[in-house]
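Residue numbers (the numbering used here), protein chains in the order written: chain A, 7 to 506; chain B, 3 to 332; chain C, 257 to 581.
No lab work stands behind these hints: they were computed from the structure.
Careful: at least some of the hints might be erroneous.
Claimed, not checked - The list that follows gives simulated cross-link-like pairs (lysine-lysine, DSSO-like), each with its CA atoms no further than 30 Å apart:
1. C:Lys473 - A:Lys154
2. C:Lys551 - B:Lys94
3. A:Lys182 - A:Lys35
4. C:Lys473 - B:Lys328
Stated by the list, open to error - Non-contacting residues of chain A with respect to chain B, defined by C-beta distances greater than 10 Å in every case (computed):
5. Arg15
6. Lys55
7. Arg126
8. Glu145
9. Arg378
10. Leu502
Claimed, not checked - Here are some, though not all, of the chain A residues that point toward chain C, as calculated from beta-carbon distances under 10 Å:
11. Tyr92
12. Asn110
13. Lys116
14. Arg118
15. Asn121
16. Val146
This structure is a prediction, so every number in the text was calculated from the model and none was measured.
Cβ atoms here follow ideal geometry from the backbone N, Cα and C, with glycine treated the same way.
Residues per chain, in single letters:
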Amino acid sequence: MSDGFIELRNIRKVFSGVVALDAMSLVIKPGEIHCLAGENGSGKSTVIKIMSGVYQPDGGEMLIDGKPVPGMTPIGAIAHGVQVIYQDFSLFGNLTVAENLAMNVHLGEKRRLMNWRRTRAIAREAVDRLGVELDLDAEVASLPTAGKQLVAIARALMSDARLIIMDEPTTALTRKEVETLFRIVRDIQARGIAILFVSHKMREMLEISERITVIRNGRKVAEGPTGDFDEASITRHMTGSDILSEPYVWTPPPGPPPVPRLEIRGLTVPGKCERLSLAIRPGEIVGLSGLLGSGRTDLALALFGMVPRYEGEILIDGAPVRMRSTQEAIDAGIAYVPEDRLTEGLFLPQSIKRNMLATSYERLARKLVIDRDRAEEMTQGMVRAMQIATPTAEKPVMQLSGGNQQRVVLARWLLTDARVLILNGPTVGVDVGSKAEIHAKIRELAQHHGLAVLMISDDVPELVQNCNRIVLMHRGRFIEDLPAADVTEETVSDRLKTFT
Amino acid sequence: MKAQMNIRSLVNRDNNIVQLLVMTVLIFAVMTALSPDKFLRYYNFESITYIFPELGLLSIAMMIAMLTGGIDLSVVGVANLSGILAGVLFHKMAGAAGIADTGILTVLLGGVIALGTGLVAGTVNGLLITRMGITPILATLGTGQVFTGLAIVLTGGPAIVGFPTAWAFLGNGKILGLATPFVLFAAIAALIAFMLTRTALGINLMLIGTNPKAALFAGLKRERMVLYSYMLTGVLASVAGIILSGRTNAAKSDYGNSYLLQAVLIAVLGGTNPAGGRGTVLGITIAVVALMLLSSGFQILRFSNHLIDFIWGAFLLLVIVINAYKNRTR
Amino acid sequence: MALLRRSETVIAGILLLAMVLIGTINPAFWQLDNLFSLMRSNVIIGIMALGVLLVLISGGIDVSFPAFAVAAMYLTIKGMLALGYNGVVLPLLAATLMGLLLGAVNGFFVYKFRMIPLIVTLGTSAMVRGFLLGVVGTSMININKMPTALIDFARTDVISVTKADGTTYGLTAMVLIYLGLAVAMHLVLRYTMIGRSAYALGGDPEAARRAGFDLRKTIFFIYCVAGALAGFAGLLHSGMIWLANPRDFVGLELDVIAAVVLGGASIFGGRGSVLGTMLGVFMLVMVKNSLIIMKVDTTWQLVAVGLIVIVATALSAWRDRRRMA
Chain A
7 MSDGFIELRN IRKVFSGVVA LDAMSLVIKP GEIHCLAGEN GSGKSTVIKI
57 MSGVYQPDGG EMLIDGKPVP GMTPIGAIAH GVQVIYQDFS LFGNLTVAEN
107 LAMNVHLGEK RRLMNWRRTR AIAREAVDRL GVELDLDAEV ASLPTAGKQL
157 VAIARALMSD ARLIIMDEPT TALTRKEVET LFRIVRDIQA RGIAILFVSH
207 KMREMLEISE RITVIRNGRK VAEGPTGDFD EASITRHMTG SDILSEPYVW
257 TPPPGPPPVP RLEIRGLTVP GKCERLSLAI RPGEIVGLSG LLGSGRTDLA
307 LALFGMVPRY EGEILIDGAP VRMRSTQEAI DAGIAYVPED RLTEGLFLPQ
357 SIKRNMLATS YERLARKLVI DRDRAEEMTQ GMVRAMQIAT PTAEKPVMQL
407 SGGNQQRVVL ARWLLTDARV LILNGPTVGV DVGSKAEIHA KIRELAQHHG
457 LAVLMISDDV PELVQNCNRI VLMHRGRFIE DLPAADVTEE TVSDRLKTFT
Chain B
3 MKAQMNIRSL VNRDNNIVQL LVMTVLIFAV MTALSPDKFL RYYNFESITY
53 IFPELGLLSI AMMIAMLTGG IDLSVVGVAN LSGILAGVLF HKMAGAAGIA
103 DTGILTVLLG GVIALGTGLV AGTVNGLLIT RMGITPILAT LGTGQVFTGL
153 AIVLTGGPAI VGFPTAWAFL GNGKILGLAT PFVLFAAIAA LIAFMLTRTA
203 LGINLMLIGT NPKAALFAGL KRERMVLYSY MLTGVLASVA GIILSGRTNA
253 AKSDYGNSYL LQAVLIAVLG GTNPAGGRGT VLGITIAVVA LMLLSSGFQI
303 LRFSNHLIDF IWGAFLLLVI VINAYKNRTR
Chain C
257 MALLRRSETV IAGILLLAMV LIGTINPAFW QLDNLFSLMR SNVIIGIMAL
307 GVLLVLISGG IDVSFPAFAV AAMYLTIKGM LALGYNGVVL PLLAATLMGL
357 LLGAVNGFFV YKFRMIPLIV TLGTSAMVRG FLLGVVGTSM ININKMPTAL
407 IDFARTDVIS VTKADGTTYG LTAMVLIYLG LAVAMHLVLR YTMIGRSAYA
457 LGGDPEAARR AGFDLRKTIF FIYCVAGALA GFAGLLHSGM IWLANPRDFV
507 GLELDVIAAV VLGGASIFGG RGSVLGTMLG VFMLVMVKNS LIIMKVDTTW
557 QLVAVGLIVI VATALSAWRD RRRMA
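Isolated chain A, as found in the complex (with noise of 0.2 Å):
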C-alpha cells in the first residue's frame, strides 16, 4: 500500500512512563529529500534511533519496501541500508581521515592487523565517491566542522546505503560550507538515495527538502510538499503557537529623545562582525536574526565581555565601557542568556535555588557570608515571579521540563538588576504554554522597568510578535534595521531568502 521506501505508522514510544512518541508516522520515498522538522524535545532524535533500530517503538509498526520489520536491531538497519551520521559525527578526531574511513571495514572483517596501504586505497575510493577533495592525512580534530561531516557522509556512504539521515547537519556550518552540504546532497539523491535531515533550522531546510513532515509533542502534526509551506507556516506547527497576542509596540517617552540604554560603534570583531552600529533605547525589544555564521553569535559575546579582542566602542546609557571580562560585563548591567542552556546555561545536578542565585552569590554575601534569608526571600520571589512549576527550590535543576528551566536561567539575570538583555534563542525547545509566558515577561522587563533587550533568534514569528525593530545581519554585517510594524513574517523570510 505504501509507496515509501521506509515507513513509521503510528509509532509509539514509552520511557518510564513519558511519552516520546505517540501515533508518530512518517513516510520517506526513495531517493527523496525529505525534512523532519522539529524544536528541541519534540521527539526527533526518539524518531532517528528508532529508524536506525536502537530503540524498538511500543506501538505502531515500521516498513521497509512495503514490509513490516519488527525487532529492527542496529545492525539490521544497516544491513537494510540505513545509515545515521549524528550532531558529533562520532568519530576520532586523533587519528587522520583515512583511518576513520577505512575502520568500519576493518572492523567488520575482524582483522587483527592493520595494513596502511589498504586503509589508503579504502579511504580513497570512499572519498571519489563522494567527488570531493580531502586529505587523507589530515587529522580528523584539524578539519573544520564541514571538513568533518564530509568525512562522516563519505563514510555514510561507504556501505549500501538508501537512506542516510543526518541529525541537525547545519549547525556550526557557514553559509559557503551550507552550499557544499547540499550539492553533495543532491549529488547523492541523483543515485537514488533517500535523504532525511532532522532539523529545526528552517531556512536551510526549505532551500533543499522536496517534502517536509512535522513532528510536535511526538506526533505528526503536518507533512506535505515543501511547496506547501514557508517558514513561518511550519514554525507555527513546530511550536503550536498561533498569533494571540499583539505584537510589541514601543512609544518613546515625552520630550528629548531618551540616551539609548546600549549603543555600539563601529563595533568590529575580526574575521566575524564588521563595523556594527546600533542603539537600544530603554524599553525597546529589538530582533536579531540571520543565516548561519552571520556574526551574530559573536556580537553578543562580545557585548558580554568573552571576546578578547575587538575594536569600536560599547556604551552603557552613554558612557563607554571595555568589555574584557564577563565580570565587567555584568557590572555594566548587561546579561546574556545563552543559546545551549543545558551546557553553558545551568549546573545541571545543583538546586534550582543555586542555579538562580548562581551570578548573585558574591552580592549577597557582602559580609563574608551569605545573607541566608534574602537569598530565600529572593528565590522564591523569583519563582512566583517567572511562575517556575516546582514545589519546592531545592530541587536538581535537571528534573524541570525544558520550560522551566529555561524560566531558571532568565531568573537568575534578573536578579542582578541588569539593565541590557540579551537572549540567545529564548524559547528554543520550550513548550508553548511556557513559550508565551517567557515573551510576556520579557515584553514587561521592556516595558516597566526599562531595560534594552536584543532579541537574538531564528524564529521569525518570535520577533514579528515581539520585538519593535528587527534587524537582519548576514556575514559580520546589519543589512536591515526595519520597524516591526512595517513587516510581516513573510517579508521577513523573504528578506532573508535573498541572503546569499
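Put chains B and C on the given structure of chain A with help from the hints.
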C-alpha cells in the same frame, strides 16, 4: 507532619552520610568483637583523637581540590616542608636554655612560617593550574616532588628532632580535657564547612566543579576561585604538618607517605566526587573516623603497618565497586 | 615541513640542544663510558615507560607499575632462592607473568566498574606494596645471595672497550632488549588493530563503543601489557644492580609519567608514540645523570627533577591546549 517530612528528606538527600554512619558502626562492632578488651579501652579512643586530625585535615584539603574537579598530590610534601621549616627556625633560634624552652614569640613565628609555607605552596599550585593551564595531576605531582626535595635539602636527609614545648602542645596537649589536635580539627572543620555552605567562595567552587563552562557564562571568577581553593588546600596541609611535627616532636621529609593514598580514599569514601561539584566536611569527618577505627583495630590485632596499607588499598577498591553499583541503580 | 612540526622532532631538537649545553659545561659528558652508562640507565625506565605509554594513549593513567615491578622482582628472586633455581629465561617469564596478572586486576576494575584509572591504580599499588612488605618480607637480598645466572646475563656487554689502565667498560646488551621491546611496541601500536583500538579509545570512548570495538579486549590488553612490562623490568633491574630490594622504585611514577608526557603523549589520551617516549626517557635520564656529573648535591636532585618536570608539563599543557583550540 512537617518535622517528619524534613527528616525523611534529610535522610534521602544525605543518603551518603547515613551509609557512612552505618559503616562506622559496623566497623566499631567488628573490631570490638575481634579484640573486646583491647579495642574498647578509653586509652585507645583517646589516642585516635590525637592521630586522626592530621589525616582529617589532609583529607579535607584533598576534598577542596577535588571540588573543582582537580586533585592535590602535593599535600603531604607541603605538610612535611612546613614542619621542617618551623623546625629549622627553632633550631637556629635555640637559646642557651635549649629548644624545649623556646619563647612564645619564636613559637608563634614558627607557626607563621609554617602556615606561610602552605600558603605559598598552594599559590604556586594554583597559579600553575590556572595561569599555565597544567592539569592538576601533573602540576601537583611535580610540585610535591619539589617540596619534598626542598625538605631533603633543608634537613640533609635525617629528621629534625626536637621542637619547643609550646609547639609540642599542639600535637600532644589537652584543651578542656580533649586532645589539642582534636580541638583544632573540630574548629577548622567547622570553619571549612561553614565556608563551603555559607560563603560565596564555597558555593562558587561547587558550581565551578559542576560545570566550568556555565560558570564562565554566569560570570563567576573561575580562575581566582580555583586559585583560592588551592591556597586553602596548602594552608590546611601546613596545619596538618604543624600538628604532625608537634605530635612526633620531629619533622622528616618523607613522613606520612601513605597519607596521600589515605587522603584520596577518605575524600572519595566521604562522598566527594573526584570530577567536581560535590563534597561535604561531615562526610570526610565520618570517613576518617571510620577508617581510623579500622586502622586501630587492625593495629591491635598486631597487623603490621604494611598490611594496613594493603587493607587501605583494598578498601579503596571496595568503595569503587560500591559506588559503581550505587550509580548504576540510580 | 610536516616533519619539522611533529612533536618528536621538536623534542629531539631540544634533546640535542641540552646535550650540547651539558657537554659544554662538562666535557666529561661526551666520554664513551658516560654515554654507555647513560644508555644503560635508560633500559629499565624505558621498558616501564613503554607500558605507561600504552595506558596513556588509551586515556588512562597508571601509577601502579612500580609496585608491580618490585613485587614481581622480589617474589621471583625469593622463589628462585627457595627452589634453588638458577636460570634466566624461566624467572623472566615468571616475573612477566606476575606483572601481567596484576595488570589484569587493574584492567578488571577499569573495565567493569568504569572507575578513574588513577584511583584504581592508586588502590592496587597500595595493596601490592602493602602485601609485599607486610606478608612476604622486607629484607633486602644482596649480591651474596642473588642468583648468579641472572647477574651474569645482565652483565653481558654488546660492545666492550678496554681503557689504557686495563679496566673495561661496555655497552650492556640489555639495551638491545630495550630496543627490541620498543620496536615490538611500535609495531603493535601501528600495525595491529588492538593497538589502533587503544588510540580510538583514548580519542573518543563513546565513538569507539559505537564503532563496535571490543573495549573489554582493549582495556585488558593495555593493562596486562603494562603490568607485564613492569614485571619484566623489575626482575631485569635486580639483575643489573645485583640487589633485590622490596622497597625499591618508590617515587618512580612521576619520573616515568613525566618522561612519557614529555615525549609527546597527551595526558588526555589518544596521542603518543614509541619514538617520542624513548626521547622523553632519554631526556629525563640525561638530566638526572648530568646533575651528578655537574657535581650537584644529591639532595638537590629531587628538586631539580621536579622543576624540570613542571617546566616540561607546562610546555606540554601549552601544546595540548593549542591542539584543543
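Cross-check of the supplied hints:
1. C:Lys473 - A:Lys154: The hint holds at about 28 Å.
2. C:Lys551 - B:Lys94: 28 Å, holds
3. A:Lys182 - A:Lys35: Distance of about 28 Å is within 30 Å: holds.
4. C:Lys473 - B:Lys328: 26 Å, holds
5. Arg15: Holds, since 36 Å exceeds 10 Å.
6. Lys55: 22 Å, holds
7. Arg126: 35 Å, holds
8. Glu145: The claim holds: A:Glu145 sits with its nearest Cβ about 21 Å from chain B, beyond 10 Å.
9. Arg378: Incorrect as stated: the minimum Cβ-Cβ distance to chain B is 7 Å, not above 10 Å.
10. Leu502: A:Leu502 is indeed farther than 10 Å from all Cβ atoms of chain B, at 28 Å.
11. Tyr92: Holds - the Cβ of A:Tyr92 comes within 10 Å of chain C, reaching about 9 Å at its closest.
12. Asn110: 7 Å, holds
13. Lys116: 9 Å, holds
14. Arg118: Where the cut-off is 10 Å and the nearest Cβ of chain C is about 6 Å from A:Arg118, the hint holds.
15. Asn121: Where the cut-off is 10 Å and the nearest Cβ of chain C is about 8 Å from A:Asn121, the hint holds.
16. Val146: 9 Å, holds
Hint compliance for this structure: hint 9 is the single one not met.
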